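Chains A and B, in that order, give the protein sequences. So the first sequence is numbered by the UniProt record's numbering: it starts at 1 and just counts up by one. So the second sequence is numbered by the UniProt record's numbering: it starts at 1 and just counts up by one.
Because the hints were derived from the structure by calculation, they are not lab data. Owing to the predicted nature of the structure, the values given are computational and were not obtained by experimental measurement. Every residue, glycine too, gets a C-beta built ideally from N, C-alpha and C. What you were told as hints is all true, and nothing was included just to trick you.
In silico SDA-like cross-links for lysine to any residue, where the CA-CA straight-line distance does not exceed 20 Å: (1) K411/A x D289/B; (2) K325/A x K327/B; (3) K325/A x H413/B; (4) K327/B x H324/A; (5) K411/A x H324/B; (6) K325/B x G372/A; (7) K185/A x P157/A; (8) K411/A x G339/A; (9) K327/A x G412/B; (10) K325/B x A418/A; (11) K327/B x G412/A; (12) K325/A x P414/B; (13) K325/B x H324/A; (14) K411/B x E328/A; (15) K327/A x E328/B; (16) K327/A x K411/B; (17) K327/A x H324/B; (18) K325/A x G412/B; (19) K325/A x D421/B; (20) K411/B x H324/A; (21) K411/A x N288/B; (22) K4/B x R15/B; (23) K411/A x K327/B; (24) K325/A x K411/B; (25) K327/B x G372/A; (26) K411/B x N288/A; (27) K411/A x E328/B; (28) K327/B x E328/A.
Quick partial rundown of chain B residues pointing at chain A, CB under 10 Å, derived from the structure: (29) H320; (30) H358; (31) A362; (32) K382; (33) D392; (34) W419; (35) D421; (36) A422; (37) L423.
Listed below are the residues making up each chain.
Number of protein chains: 2
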Amino acid sequence: MRRKVYVEGERPDIRVPFTEVVLSGGHEPVRLYDTSGPGSDPEVGLPPLRRPWRRAGTQLAAARTGEITPEMEFVAIREGVAPQLVRDEIAAGRAVLPANVNHPESEPMVIGSRFLVKVNANIGTSAVTSSVAAEVDKLTWATRWGADTVMDLSTGPDIHRTREAILRNAAVPIGTVPIYQALEKVGGDPVKLSWEVFRDTVIEQAEQGVDYMTVHAGVLLPYVPLAVGRVTGIVSRGGSIMAAWCLAHHEENFLYTHFAELCAILARYDVTFSLGDGLRPGSIADANDEAQFAELRTLGELTKIAWAHDVQVMIEGPGHVPMHKIKENVDLQQEVCDGAPFYTLGPLTTDVAPAYDHITSAIGAAMIGMFGTAMLCYVTPKEHLGLPDRDDVKAGVIAYKIAAHAADLAKGHPGAQAWDDALSRARFDFRWEDQFELALDPDTARAYHDETLPAEPAKKAHFCSMCGPKFCSMKITQELKEYADRGMRDKSEQFLASGAELYVRPS
Amino acid sequence: MRRKVYVEGERPDIRVPFTEVVLSGGHEPVRLYDTSGPGSDPEVGLPPLRRPWRRAGTQLAAARTGEITPEMEFVAIREGVAPQLVRDEIAAGRAVLPANVNHPESEPMVIGSRFLVKVNANIGTSAVTSSVAAEVDKLTWATRWGADTVMDLSTGPDIHRTREAILRNAAVPIGTVPIYQALEKVGGDPVKLSWEVFRDTVIEQAEQGVDYMTVHAGVLLPYVPLAVGRVTGIVSRGGSIMAAWCLAHHEENFLYTHFAELCAILARYDVTFSLGDGLRPGSIADANDEAQFAELRTLGELTKIAWAHDVQVMIEGPGHVPMHKIKENVDLQQEVCDGAPFYTLGPLTTDVAPAYDHITSAIGAAMIGMFGTAMLCYVTPKEHLGLPDRDDVKAGVIAYKIAAHAADLAKGHPGAQAWDDALSRARFDFRWEDQFELALDPDTARAYHDETLPAEPAKKAHFCSMCGPKFCSMKITQELKEYADRGMRDKSEQFLASGAELYVRPS
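Extracted from the complex, chain A is given alone in its bound form (with noise of 0.2 Å):
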């Protein structure tokens, strides 16, 4: 069984969710991170948590001051560390709390290679699907099944509507490409763009409540010849439309330009900085080449400019990147951004498997992870293909989540293993209800153990069908702990004489 506790921090207004996986046979309940917030009636929205700690000032200028605000307490507790360490690495930069204070109904949550990896999900209208109701829908879909952050990436003539309905009931930092509202505002037309259009667009979005912004000040003018040669060309819809700005006008590019004004704006609200990738590889062929990395070292000097306005910074990663390529990308980054957070699209690992690719970036996405990437944007089944719909949605949170925790645990990442070995400890033992609620998905667990071995007994059988009853369980190693105990002759003897009973299944 599973049911939601709350941890309360020193102030009784802090009550940190959880999981908590109630298990049989009096084993300790299991606690898991929690991201599914408290549940929102759509024309309401979620009570505004946080408004009792809005503040002057972002959560850096606040942790420079060696302050521990009630998000980073919040935080703590859910990471399972030491507030202080939420605090001083928030102070160095190496880490993100984003928490807009026009956005109370979120709950607070950190991002950072020290912490636990987390998951964002893309959602959004486009001018040729999709709706405000739905949107908001798989908002709730993909917090269910455990994104730490979504992107709300509409295109189209209802931005604005569908990010407030979107925000409205978010328990978990917005992030947003302002730069796709301020073209619809010019009515498509990139070259009509300028930095008054963009600066109040991102003004509105900050109103708003949006936490995290993608803001692609890095593509300058001198490095778009760079993507010339290459297989792919830019694949950024943002970065593209500022190079077609760029090129139109032969000026540099207006983020870059104006970035200092633009970091006054986002510390007046906390929204964070994602500085966008806007050059990165769009294919196998293109990844790790000059244009990608150029663009990298200026997102580096950009970080230190930020950080000069207390603005919370994190930095955005490729893309298309084949396996033995993924840890440089880390390394450069983390070099050449001061430790940043660095937030990774992928990388997918091949080409090959358009409908697949929540998998071919799921491989890449586990090992950047490993290697120190603090979020992972998740790419679904239909990456390349069309619009994510409900179930695309949870194909790529899942896999994601699976990404990430595989990264925890090749960290080390204090706990995680916990839950690995509650569920291997329920697998060991045969108690399928355990396995079942402790799994990532208990849902798609029990049906496909249901699918042919539906009788409530099988439940509790030691075996399954995968070898049947005569094949099946672990038993042998209950004997096994006698044996090791008692000798080995007089074991052997008593082995033969219970029945020599055989319980095996494959892992």
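Chain B: place on chain A using the hints.
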């Protein structure tokens, strides 16, 4: 369009199949490795392709004398390498070419770290479920999607008949675990097992044409207590059977004590050893422990004995292993087994996602492939929960083809990236049909695209439903190319004059 083509060898009866993907607009066709076989009527079986090449002595014996057999020439064409390389790798024991003289229907293939990473699919009846016809269908289905070998893990009453049907319809090597059938012969009681029953079973299966056999000869009596303290004990069926036998008799494993006799039998048919890892870890907690590595060292000893008998050998590996412990497995295996091919189950990189273990394990499989594993044994979504059906077989094979190809890219296998590049070029040019045909799974890629944009013109459209027509396509890169040629000033004017059309799409 896809079509099957054959490349002839020096001998006219060497005809190596490829899938040729014919592209539009004069682009070079792409040839893909093809495991689907010529297609058979299950009642008749496949033609005995290799009968004219029948020989006394194993491929290893031939390679050691410097001979290039027709099988070696076949696989050299298949892999795009020199036949001398194939011969030399087999002679050194670093590659195997599993080809029982009594399975002439199989198309030769090679397993070794210098060649393309291979994928095995497990099928087979259990006492609870499945039928002979269903298993032959799964075989055909698995090889259609790219399985390089298939293991028949049948238990229950119909083992011999099921295996016969599979072998006569298999264009790929077939592996088995003979101890399963031996156990059936003694009524399911492991204590009644004996060398004689096992030997007769091996001969029966070798006569039928089984190409490689898993033998758990490394589960030694003194190693069994090492598994006592584990979270999940012994999870290998064969390992548990042998452990039970050792305990009951307090004698050393008869597969170990009779290993030289076993080699003499396998040599007669050129059956390849797949030395089983009966003590592989069944959970993250048990990875890389002393039980596992003690057995591995014994497999190293046995490898040398098999080689002394001219018998080909590969070594089975784990299991459940967190990412940071994967490389140690390959390094130790390569060291103690003198470079014999490693053949691993996954490994699963976390225990928490039953119903998604094709993904938890594809992550580990891709990594272990990159580190040098020669063949990956697939894991399906039903792992730990039930017997895989047709859909699960496909899901498992696809996930593992992705892992194997990602590993080929990371290892820099010559020619591997040509497939990615061709698909990415098609993607960039909006040649939708070419992209679908080049996809690992054209059916699903096409179906996903059609969900939102089913109309035929959309197949030629320079956009998809992800971004809609206004935001999409990469025409901008065409502009960039001209721009680079003509200089930036000119281009800026021209770009404006042309209406500054914007074509973008996300990666």
